[in-house]
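Let the sequences and hints guide you as you build the complete structure.
Chains X and R supply the protein sequences, listed in that same order. Going letter by letter, the first sequence gives residues 43 to 227 in our numbering. Going letter by letter, the second sequence gives residues 1262 to 1745 in our numbering.
Among the hints, erroneous ones may be present.
Stated by the list, open to error - Here are some, though not all, of the chain R residues that point toward chain X, as calculated from beta-carbon distances under 7 Å:
1. L1285
2. L1286
3. V1388
4. E1391
5. L1395
6. Q1408
7. A1413
8. I1418
9. V1421
10. L1428
11. A1439
12. T1709
Since the hints were derived computationally from the structure, they do not count as laboratory data. Every residue gets a Cβ at the ideal spot worked out from N, C-alpha and C, and that includes glycine.
Chain residues, written in single-letter form:
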Amino acid sequence: MSWWTLQTVFVSLLLIAEGFHNNALEVIIFGVLLLIAKAGIIPILLRRVLKESNTEWVGEIYLKRAMSLIFAGGLSLMAYEVTQPLMALHSGYRNGLAVAIALIFYGLLLMMTRKVAIVQVLGILLIDNGIFLAGFFLTQGMPLLVELGAAFDILVGIVIIGILSKQMLENYDSLNVDHMRSLKG
Amino acid sequence: MFIGVAVIAAVGMLFSAKETYLRLLNSVALVLLTLSGGWTIRQTLSQGSYSFGSGLLYWDALSALLLSVIIIIAVYVILFSFGYMEEEVREKKLPRTRLKWYYFWIWTFMATMLLVVSTPNMGIIWVGIEGTTLATTLLVGFYRNKQAIEAAWKYVILCVVGISFALLGTMLLFASVAPLLGQTLSALDWRMLPKVASQLDPTFFRLGVLFAVVGYGAKVGFAPMHAWLPDAHSQAPSPVSALLSAVLLNCALYAILRWYSLARLTTLGPDFVGTILMSFGFLSLALMTGFILLQKDIKRLLAYSSVEHMGILAIGFGLGTKEAVWGASLHLLLHGLTKANLFVIVGRLVQKTGTRQISRIRGIFKVLPYTGIIMVLGLLSITGTPPFGTFRSEVSILSGLFKTDHPLLGFLTILFLTVIFAGFLYHFLQMLYGKPSSRHQPRESASTLALAIPLLVVLFLGLFIPQSLDQALNQVVKVILGGV
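Below, the structure is given as structure tokens:
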């Protein structure tokens, strides 16, 4: 989790640097806001939920650690492969875009292989970072209104997921998604 | 302006949970919403388009169609909510203080949907659709029991991930447009995009439109991504299910339609996205047939039927002939009305009988005769039986299939629709006749029949389409097909 925070800090700093580079005040402001929201508010919220849950981390995983490393490596290769056709256009951004797509893939992998609900949220946040990074390399910043809206949505989304996981704790005494198998057919 | 009404109403709901206060505030908000919305729709349809606040908000015929669906169904469902939610409080399923949160989220949900259909900007549409997910999550989990929370969790996780792909798609669109229109907000404006559509970079745009259709498609509930839908629709309070099924799915489909009408103008050609939509639609229809036949839970039955109808809509829009798109636009309206009415009446039924299991609901005609009559009407309408309007719209889509050399698809669609009709008939007849369980003997008055108004409208539109509606639908066709 703290790794994710660090990563977000870097994505936001990248945005701020880009703002200084282009002398665009709005981009800088947006970067700072993003830094506060995602590196400040979201981690605090998630920690609080985690502390209440007393989650056992052992055995809450579908895939062994070594296996998931191999998968992650494969996904990185795939990310490079997928971005191949786009690179003819923006050759300078190749690595950045590939890393961004790889991040999205890691997020999906994380969501599929872990059983703890909060880790699924982490997967969403990882995907979100990847998309912001991809957007940054693709477009050098979306229109401000859209970026603000998107960031606001993510923040509210995490708050709502936080509320939901609290209710989940009250009902199940655990954040393991294996308990949630009652709705079928 | 009506977005403002919805936001103010949402905040206003939080001040008190007294029955009279909530009733009064909701009624005032609904009247204001209807007046301002109705005026906007009228202006839009008479002038072809209408803008507000120097183009910040903008409506054309397609937005007006969606706007009218939202407003009509919202009025109907929220009016029904009063009685329904009071009954839930009386039965001690919910504490009274939670009611204000219920209306708060309902009106927030309304505001986000109104935003989606009022903005001319592809980026803001994304923000709005994501907003609808967040506003409805806690409504889906409103009863806070295990199943409700499971449904809400599935819903929020699947939809947020799905929709983030749509954001990636929007970014790819922006990347391909920015060199042509500049790095400004107007580069994502669907009024500007058609002008440069033929110059868009095909690699970027193809990837972008794929991400967008799959991402929003998860929210529409197209077949492989539909897993959240029956859970969310069956666990939410019934008025919320009605709103989700009848309005929210259409709003997500609207986002796809904007992409679709743009993609028709690019170098990808008119059929690229159309084929994707038709595949999704056909898959949804085929898979849902099985689920509908084997269903045991009545609200899930209706939810699967929503997926099926979204499939029919996707086939109609994806086909891209004038007749099929006309039929699909009409079907969008009619399915909304029918499904809202069915969820409302079934919600009432579930409240009175205390169970959602089809096998435990028996003898409706003996116990609740008026509900029974409405359910028969709903059954006929949802399965597209003449003389209901849904028959007219489905036939229009089907004849489009046969006219464009898809006889096999057309044949299979008819086959699936027939099987679905049989499934619905089987489930509904079981519930309508038989020996009622002696535990509940509630009485009902003839005033229940007032709940059938949307179905009667559908019936009326099957017999007779007013010229103004026909003209409006033709305008919608023109918007989607790009002046063909």
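Status of the hints after comparison with the structure:
Of the supplied interface hints, the one on R:L1285 is violated, with its beta-carbon coming no nearer than about 29 Å to a beta-carbon of chain X, more than 7 Å. The beta carbon of R:L1286 is not positioned within 7 Å of any beta carbon in chain X (closest approach about 24 Å), and the interface hint is therefore violated. The restraint placing R:V1388 at the interface with chain X holds, with a minimum CB-CB distance near 3 Å, inside the 7 Å limit. Nearest Cβ of chain X to the Cβ of R:E1391: about 4 Å, under the 7 Å cut. The hint holds.
Annotation: R:L1395 was flagged as interfacial toward chain X, and the flag holds, the nearest CB pair being 5 Å apart, inside 7 Å. With a cut of 7 Å, the hint placing R:Q1408 at the interface with chain X holds, because the nearest CB-to-CB distance is about 6 Å. Taken as an interface hint, R:A1413 checks out: its beta carbon lies about 6 Å from the nearest beta carbon of chain X, inside 7 Å. A least Cβ separation of about 6 Å between R:I1418 and chain X falls short of the 7 Å threshold, and the interface hint therefore holds.
Against a cut-off of 7 Å between C-beta atoms, the interface hint on R:V1421 holds, since the closest Cβ of chain X lies about 6 Å away. The beta carbon of R:L1428 is positioned within 7 Å of a beta carbon in chain X (closest approach about 6 Å), and the interface hint is therefore held. For R:A1439, the interface hint holds, since its Cβ comes within 7 Å of a Cβ in chain X; the closest pair sits about 6 Å apart. Violation of the interface hint for R:T1709 is found here, the shortest Cβ-Cβ separation to chain X being roughly 30 Å, above the 7 Å cut-off.
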